[in-house]
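K.L.:
Sequence:
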Amino acid sequence: MSQSGASSRLAGSPPLPGGSLLALLAPEPSPSPPSGTPSPGPPPALLEGDWEGREELRLRELEEARARAAQMEKTMRWWSDCTANWREKWSKVRAERNRAREEVRQLRHRLEALTKELASLRRDRDRDRDRDRPEERPPPPPASAGSPPADGAEGDTGPEQEPVRDVGTEVPQKAKELELMENILTSKQEESWEQRGPRASFSRQERSRLLWEDVSVVEEDATKVTALKLRLDESQKVLLKEREDKLALSKNIEKLEGELSQWKIKYEELNKNKQEVMKQLNILKEIHQDELGRISEDLEDELGARSSMDKKLAELRAEMERLQAENAAEWGRRERLETEKLNLERENKKLRAQIEDLEEVLARKRRQTASALDTDLKAIQAELFEKNKELADLKHIHTKLKKQYQEKMAELAHANRRVEQHEGEVKKLRLRVEELKKELAQAEDEV
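When the letters of the sequence shown are read in order and numbered with full-length UniProt numbering, they come out as residues 1 to 447.
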């Protein structure tokens, strides 16, 4: 932008003639010519003021061009910082998106595992319910009045029928075994009492022996009943433990269902956050596309400015070629002036020799005759006056030509220096344009 502004200002400046352009391009005092002649005085005051004003204008334009170049560098740095910030934001958003995807994947796996576990627990619960359904048991046989151990066993098993209803298949088997044992005991007692009836007519010793046998049988049956009671107590403890396990499992199922609902809520929140992030990403993409469009427009402006600058460089190159042609013409004119100067010096020497000869002749004539001297002296003085006048005119013309020659040489030297400065600035601007192109290409690649 700075280069285009400078080139547009240079293109907009009015065209100047060759002498004024040389005067504008000469900021320093002119050096003395190589011939060794003294340098002329400074140019007129008007030319000095014009030079200073135009030189200040050119310096101001150069400062503006440098300021625009610095501003362009700042804008390029700002764009690079913006691209770096956008890249960092994109990386953060991408990392958050990947993290959210990973969390969603983990939550899905966990949800699948929980659903599988919940299904297995439900199957177990249904299986337990199927096992715990009440089964039809045969009614217990009526117990005789002479069997108190069996009655005690029934009294012990009576209130414990409730937990048997809520257990698996092992509990009904144990209850069936207990009932079977009670039936066996009652049948044995009935048989013993039946056998005891016909033996009433036995002797006393036989009755006592039979009584002891019955007592031993009853004691054996009592030990069996106590063993069965212990086994029943153990089965009741197992039933209580299984009931506690079932309660714990039901609580665990409820807890897992609560966690499952929480995970579903979190999954919905993550989906909402994902949608919001996608909306923000779309907004950021639109903003980025707008900025890329603005950058492309700026690049097109830069290309237009560069084309105008190339045109201005072509004009400056043509102007430099014209100045070189004028310089060659000035050098030819200088050589002609040098030859004229040498011819004038030779003529001056001849005139001085003639003056000396004339003075000698005049002295001789003075010595020879006074009358002839007066007439001759007047003629010689008139001739000498004319010769001196011609010599003064020639000297004046020589000094004027010398001044013009020195002015042209000074203007030519200043023009050469100015052309070299312009060429250096053009090279610097070209290098800067190439660097800005590279930075812009790098910025576009990074974007």
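Just so you know, these hints were derived from the structure itself, not from any lab.
Cβ coordinates follow ideal geometry from the N, Cα and C atoms, glycine included.
Any given hint might turn out to be false.
[Unchecked claim] Below, simulated BS3-like cross-link-like pairs (lysine-lysine); rule was C-alpha separation at most 27 Å, straight line:
id: 1; residue 1: Lys279; residue 2: Lys341
id: 2; residue 1: Lys402; residue 2: Lys350
id: 3; residue 1: Lys279; residue 2: Lys264
id: 4; residue 1: Lys341; residue 2: Lys365
id: 5; residue 1: Lys311; residue 2: Lys403
id: 6; residue 1: Lys365; residue 2: Lys387
id: 7; residue 1: Lys74; residue 2: Lys389
id: 8; residue 1: Lys438; residue 2: Lys285
id: 9; residue 1: Lys350; residue 2: Lys311
id: 10; residue 1: Lys251; residue 2: Lys92
id: 11; residue 1: Lys378; residue 2: Lys389
id: 12; residue 1: Lys402; residue 2: Lys378
id: 13; residue 1: Lys116; residue 2: Lys251
id: 14; residue 1: Lys349; residue 2: Lys312
id: 15; residue 1: Lys389; residue 2: Lys350
id: 16; residue 1: Lys438; residue 2: Lys341
id: 17; residue 1: Lys92; residue 2: Lys274
id: 18; residue 1: Lys241; residue 2: Lys229
id: 19; residue 1: Lys312; residue 2: Lys350
id: 20; residue 1: Lys389; residue 2: Lys402
id: 21; residue 1: Lys89; residue 2: Lys285
id: 22; residue 1: Lys272; residue 2: Lys251
id: 23; residue 1: Lys395; residue 2: Lys312
id: 24; residue 1: Lys341; residue 2: Lys274
[What the hints assert, rightly or not] The calculated label-pair distances, taken between Cβ atoms and stated as ranges, are:
id: 25; residue 1: Ser296; residue 2: Lys116; range: 17 to 27 Å
id: 26; residue 1: Leu240; residue 2: Ala119; range: 24 to 34 Å
id: 27; residue 1: Ala227; residue 2: Lys116; range: 41 to 51 Å
K.L.:
Check the structure against each numbered hint from earlier and tell me which ones fail, lowest number first.
P.N.:
Per hint list: 1, 4, 5, 7, 9, 10, 12, 14, 16, 19, 22, 23, 24, 25 violated.
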